[in-house]
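Could you put together the complete structure from these sequences and hints?
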Amino acid sequence: MIKSILISVLMLNTAVMADDPTYRLFATNERDNTLSVINSQTLKVEETINIGLRPRGIGFSTDRKLLYVVASNENKIVVVDPKTLEIIKKIDTGEEPETFAVNPKNGYLVTSSEYDGEAVFIDPQANEKVAIVKVGIEPEGAAVSPDGQYALVSSESSNLVHIIETDTYEVIANIVVAARPRGLSFGRDGKFAYVASEIGREVSMISMETLKVVKKSPIAVEDAKPMAIVVSPDNRYLYISMGRANSVAMMDAKTLDMIANIGVGERVWGMAISRDGKYLYSADGISGTISVIDTDKKQRINSIKVGSYPWGVALDD
1 MIKSILISVL MLNTAVMADD PTYRLFATNE RDNTLSVINS QTLKVEETIN IGLRPRGIGF
61 STDRKLLYVV ASNENKIVVV DPKTLEIIKK IDTGEEPETF AVNPKNGYLV TSSEYDGEAV
121 FIDPQANEKV AIVKVGIEPE GAAVSPDGQY ALVSSESSNL VHIIETDTYE VIANIVVAAR
181 PRGLSFGRDG KFAYVASEIG REVSMISMET LKVVKKSPIA VEDAKPMAIV VSPDNRYLYI
241 SMGRANSVAM MDAKTLDMIA NIGVGERVWG MAISRDGKYL YSADGISGTI SVIDTDKKQR
301 INSIKVGSYP WGVALDD
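Residue numbers (the numbering used here): 1 to 317.
Some hints could be false.
Unchecked claim - Taking lysine to aspartate or glutamate and the EDC-like style, the derived pairs with C-alpha atoms no more than 16 Å apart in a straight line are: (1) K65 / E46; (2) K83 / D317; (3) K305 / E266; (4) K76 / E96; (5) K254 / E222; (6) K129 / E95; (7) K305 / E47.
Just so you know, the hints here were simulated from the structure itself, not pulled from any lab data.
Owing to the predicted nature of the structure, the values given are computational and were not obtained by experimental measurement.
Shown next, in the form of structure tokens:
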């Protein structure tokens, strides 16, 4: 009896350990086709993996057991085991994908086919396209609501955000925003979505109740080309990468007032935030670094040298 209990406890402990995060930070390096694997506690690069042609967007499956990496010039999403770093398979996408979002309800991926003007919905387990939805010109950004009900896609040359119902795959709204919308993100409660417009230098807040822009704010940062947008875990702040301005803007998520503009490396693109919201990580393309930002201090506290032109970053914590 005692032996059985001990075996059960050991099995339980093993299962818990298997689900523990790796505390690795992953960065896609667009120019040298690699993935940098970083220990987020020591801030040292553990390994560099050949991942595919022009890797950009990066993120995790809903259970965080798989890492997805967009290989744009292969029209694939590469699936990686974040623990063993083994490449498991490659998923077919549309033409020239850049980034993607994961539906938390069913695990499906939504990505954009920039050349074809389509949003592509993919079952990653079956490696099957379950729906293709016509959208605007040069679609790029993607986000899925926390309840999985809506997918958002930004079309940068149409200046539109398309809202798609994930049950029917129908476009239920086309929302005009400032020029060249790129990054999209939902608030943690799903009531609002946010979009960063690169040429228009503006952030827009979209009500998911009315499906309209309810607030917008200009980005008064010299040389800014807003791109990625991240919402803090407590839903209080927005972080927007400023591209050529070499900084990350911190804004109030309710008022869209600017709180701080935090200097990072050159040509900042993708970002990731820790689960406790204490640290923000940015991919600084020209610098070839990942910046580490202390969000309480509102300043960069470290930088990590990675590969050539890091584009995206994801944290397994």
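(request) Take the C-alpha atoms of K305 and E47, compute the straight-line distance between them, and say whether it is at most 16 Å. (result) Distance of about 12 Å is within 16 Å: holds.
(message) For a C-alpha distance cap of 16 Å, please report whether K305 and E266 respect it.
(response) Roughly 13 Å between the alpha carbons, so the hint for K305 and E266 holds.
(message) Given the hinted pair K254 and E222, is their Cα-Cα distance within 16 Å?
(response) Answer violated: K254 to E222 is near 24 Å, above 16 Å.
(message) For a C-alpha distance cap of 16 Å, please report whether K83 and D317 respect it.
(response) 12 Å, holds
(request) Take a quick look at whether K76 and E96 sit within 16 Å of each other, Cα to Cα. (result) Holds - the C-alpha atoms of E96 and K76 are around 9 Å apart, at most 16 Å.
(request) Would you mind confirming whether the straight-line C-alpha gap from K65 to E46 stays at or under 16 Å? (result) Outside the cut-off at roughly 19 Å; violated.
(message) Next pair to validate is K129 with E95; report whether the Cα-Cα distance is within 16 Å.
(response) It holds: about 13 Å lies between the C-alpha atoms, which stays within 16 Å.
Going down the numbered hints, you'll see the structure goes against 1 and 5, while the others check out.
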